[in-house]
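Participant: The hints should help you fit chain Z onto chain X, whose structure is shown.
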Amino acid sequence: MRPLPVILGVVLGLAAAAVVLPMFDGRGAPQGSRAGPVLSDCDGPLRELVIHYVPASANITAEVYRDLLRHLPDGVTVHAVCPDAAAFDDLRARAGAVRCTLRPVVVGHPITTWSRDRWLALEPAGPGEPVVLLAPRGEDGADAWPERRGDERVADDLAADLGTGVTATRSELYFDGGDFVADTETVFVTPAVLRRNLQRTVATREELVERLRAVLGRRVVLFDEAPDHHAGMFMMATGDRTVLVGDPSAGLRVLDPGCDGAADALLPREGADASAETQALFDAVARQCAEAGYRVVRIPMVPGRDGRTYLTHVNAILDRRDGRRVVTMPTFRGAEALNDAAERTWRDLGWDVRRVDCTACYPHFGSLRCLVNVLSR
Amino acid sequence: MKGLKGILTVLGIAAGTMAVTLALLAPGSAGAVDQGAMRPLIAQPTLAVGGCTFTLESVEPADGKMHLRVKAANATDKPLDASAWLRLSASQKPDPNSRVMRLPQAVWTEKCVASLAPGETKTFTFTPVLEPAAGALLTATMSDGSQPAVGIARGIQLSVQRANLLQTNQTGS
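In the order they appear, the protein sequences are chains X and Z. When you read off a place in the first sequence, starting at 1, and then add 9, the result is the number in this note's numbering. Position 19 of the second sequence, counted from 1, bears residue number 9 in this note's numbering, the numbering being contiguous throughout.
Among these hints, one or two may not hold up.
[To be verified] A short list of chain Z residues far from chain X (calculated; beta carbon distances all over 12 angstroms): (1) HIS57; (2) ARG59; (3) TRP75; (4) TRP98; (5) GLY109.
[What the hints assert, rightly or not] Short, incomplete list of chain X residues facing chain Z, as computed with Cβ under 7 angstroms: (6) PRO14; (7) VAL19; (8) LEU23; (9) TRP123; (10) GLU181; (11) ARG209; (12) CYS379.
[Stated by the list, open to error] Label-pair restraints from in silico Cβ distances: (13) X:ARG101 - Z:SER136: 48 to 58 angstroms; (14) X:GLY174 - Z:GLN95: 38 to 48 angstroms; (15) Z:THR115 - X:LEU23: 55 to 65 angstroms; (16) Z:GLN137 - X:ARG356: 35 to 45 angstroms; (17) Z:GLY41 - X:PRO12: 56 to 66 angstroms; (18) Z:LYS55 - X:GLY172: 49 to 59 angstroms; (19) Z:TRP75 - X:SER284: 21 to 31 angstroms; (20) Z:GLY41 - X:THR368: 49 to 59 angstroms.
Don't read these hints as lab results, they were simulated from the structure. If you're wondering where the values come from, they're calculated on a predicted model, not measured in any experiment. The beta carbon of each residue, even a glycine, is placed where N, CA and C say it ideally should be.
Same shape as in the complex, but just chain X (with noise of 0.2 angstroms):
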């Protein structure tokens, strides 16, 4: 054989296969499937998103559901988690008449109310390409709690349920959905994270920021001092740069200004938590934040001093179309000067404020933005 062919051969081929080497995925990335950035809390129009429904625990979601889906425009999708067919009727009655799109998906199997935490959704690579639903490697609990077992199952069960459009993989890390932040620029991880997966999926932090960022498409910022819950319960990103970020010690001059323990009689497990201990690791959320490049601006919240029962406001859905913001936001009925005081602070962003009533949620550590994963904008 003539030596040109081959040489001519060689290259095109190692030329073909360097433009093809990158659509392989990399250490930490999603195998199997292409797959963009994490999708941002703050931008873009809201296109679909899923909840959970089971009739057992209609009492604490049935109301937000409610609110939630009439307050959502057409053009919107809610793909509803069932666990059965008539679980989704009892759904669709209570909800009534909406002009989203309601649609079932059934999966046969135990799951909980909480949607958030299950997958995180990634932007599709690009054009014609499918959003990525990336689940954690495992779910806390799972062997001892049959419902959270089968909330391991549930980025499957879309994928499947959706066809070509929503593919899923499984990351090999320990996570919560809740447990990221995101904008367009950066998520931000809550220390929870390093702590599932230190010495147990990954060697270092560096290691763990590094697997972080290459899947999740964003600059990380993993805050070392947070307070011990889900990131949407303390702070929220808004768009250009700005991100709120509660604060304990506004919310009870707000909601408990004459200190008579008007806070404790809406956190009545333990009370509320005016300790310096957890504003200082509130402030040192905003610190970290400001650290990154990000204006911070504070807005009250109670936390209660079981660490897990919060009165938030962050914990919410944002849409931006049309050239408006609007902010689908918890409120709780007995705080209703906490609820004005965090419409007015939303206001002063620039956000059209709708409200849902979170009063039976709350008390089991989760508010709207937990019950409520955003599959694709």
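Facilitator: Chain Z in isolation, oriented as in the chain X frame:
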């Protein structure tokens, strides 16, 4: 005809070169992720304190107690003293509607102090007696206080089993 044969030759060699290159360089490229394709978990977490490496080798229930085995290794050519805090935390079982686990509470802490000759390795065993509530979730961690704690690398579900075993053993004894 001769020209066509030459083009086919070039394309054939190119295809072969590309296939070999991708086979050699593409990282884990085929198919969707499944558990079998994942890298294994780190079974024994380690904590470096000075020149000493503490390894949490095992956390197992037996005889109504928890048995923690920790190995301390001095890889330096000098004697050293080092310590790490061991901690067991328990979370109460949440109600089915809860979004997250309740915050864990420390139920046992102990300082593991190692005095090691150059190159020496010692193994320490701790056997705390616990009375966790039935179904409580146990997690073992170690830390020197200046860096993030590292835990036994098996997760809460195994801790549940451990707690249940412990409860069974206590009931039976």
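Participant: Of the hints stated earlier, which fail here?
Facilitator: Hints that this structure does not satisfy do not exist here, as all of them hold.
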